[in-house]
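Sequences listed follow chains G and Z, in order. Under the working numbering, the first residue of the first sequence carries the number 1, and numbering increases by one thereafter. Under the working numbering, the first residue of the second sequence carries the number 97, and numbering increases by one thereafter.
Bear in mind the hints are in silico, worked out from the structure with no lab data behind them. Heads up, some of the hints might be wrong.
Capping the alpha-carbon separation at 35 Å, the derived lysine-lysine pairs in DSBU-like fashion look like this [stated by the list, open to error]:
#1 G:Lys43 to Z:Lys195
#2 G:Lys65 to Z:Lys195
#3 G:Lys65 to G:Lys43
#4 Z:Lys195 to G:Lys51
#5 G:Lys65 to G:Lys51
Chain by chain, the residues run as shown.
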Amino acid sequence: MSMQALNQLVARSIIDPSVVQSFSAGRMEEVISELDFSNDMQKRLTRLEAKSWAEYAVIAYRYVKAAEEVTVRIQLPSPLEGLLPGQDRTEDEQAA
Amino acid sequence: MIPITREERQWFLRNLAQGLVDYMGVVEPPVPVEDLLRNPPPLYDSDFGVVDMYSNLWDATFARPPSQRGSIFVRIDLEPEERRFVLARETLSALITSKHGRAMGLFDLLLPNLRESAEYFASCLLAPTSLIGAYHEQGGRGRGVARTFRIPQSIALRCWEDFATINNK
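Excised from the complex, chain G in its bound form (with noise of 0.2 Å):
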């Protein structure tokens, strides 16, 4: 969600001038804490500091991104699965 809660606000942000008032004035905590993104994140956003508007959007969707990269890479079979013991696969089914 966090990515579409990004995308949301850049969207916002080209037709609603309170978006960049709010970056440029240091108030992006009253923005970010509305939108569906972890505590992390949004404390990573929070404190996220940037010449601009746009350049804040560019390090903001850097950081989404990574950290959806690495939930995806969390959620993946792990290589040792099948060869713990205790799971159903008998010596020949390894074997082979």
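Please build the complex by placing chain Z on the supplied structure of chain G, with the hints as guidance.
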């Protein structure tokens, strides 16, 4: 300005285009880009406009005469699909040079690759991922994109390929 990759730039442009599509409340193609330029969001009252011109030099160009409203000057004899595309393309120049666009930092981010950025932005504005996705879910095929979205065939092909790429990520 920090260096950014093409993928990052395209992500950013895709979302800017989606913001305008959301503003217009478009739920099905074609996206009425000329209506957007003739009735812009209040933020862009002094930045969007369309002026028809006779010209053999260029298809369309954005210009902002001193102390006047910015406008896209477009060749009057273009095919409708081509006209829609060049108007969408030049909309990015209007955004970048607008007061709000400058406040966003669009100028620094997008100027180094303006032509490429503008063409990508135009394809996203006329065939946004959300509408291409809905079209695909309803059984739409690649060969029907140009007709459905009223865009040039070459652009339609690229939009369809981009959609497949984004969808497979």
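So, going through the hints one by one against the coordinates:
{"no.": "1", "hint": "G:Lys43 to Z:Lys195", "result": "30 Å, holds"}
{"no.": "2", "hint": "G:Lys65 to Z:Lys195", "result": "30 Å, holds"}
{"no.": "3", "hint": "G:Lys65 to G:Lys43", "result": "16 Å, holds"}
{"no.": "4", "hint": "Z:Lys195 to G:Lys51", "result": "17 Å, holds"}
{"no.": "5", "hint": "G:Lys65 to G:Lys51", "result": "21 Å, holds"}
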